[in-house]
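Use these hints to put chain B onto chain A, whose structure you have.
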Amino acid sequence: MNDLSQQKIDASCRVPLLALFGGAALWLVVGLLLAVIASLTFHKPDMFADCPVLSYGHAQPAANDAILYGFCIPAALGVMLWIFARLSQTELVLPLVPIVAANIWHLGVFIGIVAILIGDSTGFAWLEFPRGSSVLLFAAFLLVAISAVATFGQRKERELYPSHWFLLAALLWFPWIYATANLLIVSGHPVRGVTQAVIGWWFANNLIFVWLSLVGLGTAFYFLPKLAGRPLQSSYFALFAFWTLILFGTWCGIPQGAPVPAWLPALSTVASSLLIVPLIAIAVIVVKTVCGADVHCKGGPFCYIKFGSAAFLLSGLMLIASACPHFSRIVQFTWFGPAQEQLQILGFFAIIICGAVYELLPRIMDFELPFPKFVRFQHWCFMLGIVLLAGSLAIGGIEQGLKNYDLATTLPFLRASTTGLLFLLLGSLLFAANIFVMTLKWKLALIKSVIAAVTAPLEVSEVKP
Amino acid sequence: MKNGISVFIAAFIALGASWCGFVLAPALQLGTAKQTAVLNSGDTYPVQRTGDATLGLQVYRANGCAACHTEQIQQTGIAFEVVLTGAGKNPDAVSNLISTLKLTGLTKEEADSANDKITAVGGKVETHLIPTGADISRGWGVRRSVAADYLYDSPVQLGSLRAGPDLADAGTRLNNASWHLLHLYAPQSVVKNSAMPPFRFLFETRKIGDAPSPDALNLPSEFAPPAGYEVVPKPEAKQLVAYLLSLHADVPLYEAPYTPVQISTNAPAK
Chain A
1 MNDLSQQKID
11 ASCRVPLLAL
21 FGGAALWLVV
31 GLLLAVIASL
41 TFHKPDMFAD
51 CPVLSYGHAQ
61 PAANDAILYG
71 FCIPAALGVM
81 LWIFARLSQT
91 ELVLPLVPIV
101 AANIWHLGVF
111 IGIVAILIGD
121 STGFAWLEFP
131 RGSSVLLFAA
141 FLLVAISAVA
151 TFGQRKEREL
161 YPSHWFLLAA
171 LLWFPWIYAT
181 ANLLIVSGHP
191 VRGVTQAVIG
201 WWFANNLIFV
211 WLSLVGLGTA
221 FYFLPKLAGR
231 PLQSSYFALF
241 AFWTLILFGT
251 WCGIPQGAPV
261 PAWLPALSTV
271 ASSLLIVPLI
281 AIAVIVVKTV
291 CGADVHCKGG
301 PFCYIKFGSA
311 AFLLSGLMLI
321 ASACPHFSRI
331 VQFTWFGPAQ
341 EQLQILGFFA
351 IIICGAVYEL
361 LPRIMDFELP
371 FPKFVRFQHW
381 CFMLGIVLLA
391 GSLAIGGIEQ
401 GLKNYDLATT
411 LPFLRASTTG
421 LLFLLLGSLL
431 FAANIFVMTL
441 KWKLALIKSV
451 IAAVTAPLEV
461 SEVKP
Chain B
1001 MKNGISVFIA
1011 AFIALGASWC
1021 GFVLAPALQL
1031 GTAKQTAVLN
1041 SGDTYPVQRT
1051 GDATLGLQVY
1061 RANGCAACHT
1071 EQIQQTGIAF
1081 EVVLTGAGKN
1091 PDAVSNLIST
1101 LKLTGLTKEE
1111 ADSANDKITA
1121 VGGKVETHLI
1131 PTGADISRGW
1141 GVRRSVAADY
1151 LYDSPVQLGS
1161 LRAGPDLADA
1171 GTRLNNASWH
1181 LLHLYAPQSV
1191 VKNSAMPPFR
1201 FLFETRKIGD
1211 APSPDALNLP
1221 SEFAPPAGYE
1231 VVPKPEAKQL
1241 VAYLLSLHAD
1251 VPLYEAPYTP
1261 VQISTNAPAK
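In the order they appear, the protein sequences are chains A and B.
Residues 1 to 465 (the numbering used here) make up the first sequence, in order.
Residues 1001 to 1270 (the numbering used here) make up the second sequence, in order.
Since the hints were derived computationally from the structure, they do not count as laboratory data.
Just to be clear, a hint being listed does not mean it is correct.
No farther apart than 27 Å at their CA atoms in a straight line, the calculated lysine-lysine pairs in the BS3-like style are these [said to hold, decoys possible]: (1) B:Lys1002 with A:Lys156; (2) A:Lys373 with A:Lys443; (3) A:Lys44 with B:Lys1124; (4) B:Lys1102 with B:Lys1117; (5) B:Lys1207 with B:Lys1234; (6) B:Lys1207 with B:Lys1238; (7) B:Lys1192 with A:Lys403; (8) B:Lys1002 with B:Lys1034; (9) A:Lys44 with B:Lys1192; (10) B:Lys1102 with B:Lys1089; (11) A:Lys226 with A:Lys288; (12) B:Lys1002 with A:Lys226; (13) A:Lys8 with A:Lys226; (14) A:Lys288 with B:Lys1102; (15) A:Lys288 with A:Lys8; (16) B:Lys1234 with A:Lys44.
One chain only, chain A, in its complex shape:
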């Protein structure tokens, strides 16, 4: 494949990806800012006593949703479109569709976040967005999926790569779980009683654990071999990991001791313990692909994706641990659960997506990053932030469980987690700076070329007869 057509493929992704990434970078900053605001309550409980909009119960879910729906999903969709175009060796099909979809998506997130802040949340974890905004998100996802599948259909090479399996499965996964959860518990006629909670847990697990894992690993399995300069070790392991991950992962999520028929949590516990199988397979793939590669990452995208893969394994182990009957008695209802979720969302997914964006952005824009040093700096901010955030929440959670949910023993850990959030916020500002300056430069260049075209003198030969 010659360089010219490679450039054309990258250029075809430019506008849709900028539309997706620009909003995503903004939501990452907003989400982390809201998370910092929420955690201020641990330092001074009466800080927002007269300001319902920023009180903990409003800001905390808004922060979670801004990071997950605002940043993680749209940024991942952008990366996904590029990977599909690259693997298919064809220009993005229907490039206008994802541009429209990106705007619909970010509008939906905006409506949702405002609704949560003014007290219009639905009250279900990870499903707080009201109906109107869910409809927008659902439609936008389908539009992006249409473009992705159409690009996939145009592929020159019929053989599928491991990344294809993970990303294609994710395209089916999200609309199914999102439609089910919204129709059955957010709609005007929700199911009754604890069935709502069961469907809520099923959705949250399938989104936070399965969907993020599918997309994050699909992205990692594309970039790791590319950056390490050696093939994925090996496709057979990846196939095994894919099957076991979707077969076992999708049954996790119902906590033990939940007030539901006992077979539900029992089934979840079995599935969670079986998760060790895909985790081992993925660990083997990552270690065998990365080790032995003669590449130094120097804080670049390779570092991001290696750190993200390690965080994935750790968050998976935490998920299994919190389903173990003995350990779960200690950590249930403690900050250990949020620690695992934050590690999965920020430590694994967000960092892999940021690494992927840094790798592909100079290619689609056809010029270098405006602040290349920020990449390394952000990597350090994110690593420190995630270790401080997830580490202090996890240890604080165990402490809280051992001390009978006494918040006083946990407060020092919660206060430490604010520091982690501040580091993450700093990192997200660097990310946003790179993306926005890049977009601005591109727009200026565009305007200049338009002006140049308009003001260019007419060629003399055309005037003369």
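Frame of chain A; chain B shown alone:
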């Protein structure tokens, strides 16, 4: 896998199976649930919450109370307790026997055997069923939460984090509306060192008119408004308190049996 269709089929099978298991099956099993009978009583459970309490659930939802409070009591097991209800014709023999027996924290077999021994010497006994677990010994509830407790709630606010105490049985444990109002306005005025954020935005501080409002909070001086002003709850605060007071998970059910403590009949003579 060679083509896109096979990937879609794989994902369809995996997700479809869990959809049947965790969406369809619970909906079939619980979707048509009705009120259940309370054990050893003609009553049915649960009863619909009052209008104010139903609105209060929406205040609870809007303010994200479930971010810090769960509404589910956990139970690790059950223990049996043998209680003497009558000494019969030979009180001395019964009391001698009882002093040698272990009567609390028994298994079913131990309880039956103690029961037989005491009945053999003429005493009358009852076997009580006592749920065990950290939540119950802490006084947050009397039995584990079960599906029936949430039959009429929408949205069901089970919660997943206990930054504060569990509220499944809050209406039984804390059954005083003015306490709740004070606690919402200034948590530290009633619970020292509380880390709960105050919900002052659910209240109105206003100038006292012709006469003080009967609703005005009776706040300790350090939390009180300036002289000539009073703090009155907005309707939302009253609804939220009505909801908190309506939280009862304190009747024995088939799936969560226990023996209610009868305070009047079995008290020792003074």
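Against the structure, the hints come out as follows:
1. A hinted pair counts as satisfied when its Cα atoms are at most 27 Å apart, and Lys1002 (chain B) with Lys156 (chain A) qualifies at roughly 14 Å.
2. Proposed proximity of Lys373 (chain A) and Lys443 (chain A) is supported: the alpha carbons are some 23 Å apart, at most 27 Å.
3. A C-alpha spacing of about 58 Å is found between Lys44 (chain A) and Lys1124 (chain B), which places the hinted pair above 27 Å, so the restraint is violated.
4. Restraint check for Lys1102 (chain B) and Lys1117 (chain B): the C-alpha separation of about 12 Å stays at or below 27 Å, so the hint holds.
5. At roughly 15 Å between alpha-carbon atoms, Lys1207 (chain B) and Lys1234 (chain B) fall within 27 Å of each other, so this suggested pair holds.
6. Simply put, Lys1207 (chain B) and Lys1238 (chain B) have alpha-carbon atoms about 20 Å apart, close enough for the 27 Å limit, and the pair holds.
7. Under the criterion of a C-alpha separation no larger than 27 Å, the hint pairing Lys1192 (chain B) with Lys403 (chain A) is consistent with the structure, at around 18 Å.
8. Proposed proximity of Lys1002 (chain B) and Lys1034 (chain B) is contradicted: the alpha carbons are some 50 Å apart, above 27 Å.
9. Only pairs whose Cα atoms come within 27 Å are accepted, and Lys44 (chain A) paired with Lys1192 (chain B) is accepted, the gap being roughly 15 Å.
10. Taking the CA atoms of Lys1102 (chain B) and Lys1089 (chain B), the gap is about 22 Å. The hint holds against a cut of 27 Å.
11. Distance check on the hinted pair: Lys226 (chain A) and Lys288 (chain A) sit about 14 Å apart at the alpha-carbon level, within 27 Å; holds.
12. At most 27 Å may separate the alpha-carbon atoms for a hinted pair to count; Lys1002 (chain B) and Lys226 (chain A) meet this at roughly 22 Å.
13. For the hint pairing Lys8 (chain A) with Lys226 (chain A), the CA-to-CA distance comes to about 20 Å; that is within 27 Å, so the pair holds.
14. Between Lys288 (chain A) and Lys1102 (chain B) the alpha-carbon distance is near 62 Å, which puts this suggested pair outside the 27 Å criterion.
15. Using a Cα cut-off of 27 Å, the hinted pair Lys288 (chain A) and Lys8 (chain A) is violated, with the two alpha carbons roughly 33 Å apart.
16. Of the pairs offered as hints, the one joining Lys1234 (chain B) and Lys44 (chain A) holds, with about 24 Å between alpha carbons and a cut-off of 27 Å not exceeded.
Hints 3, 8, 14 and 15 from the earlier list are contradicted by this structure; the remaining hints agree with it.
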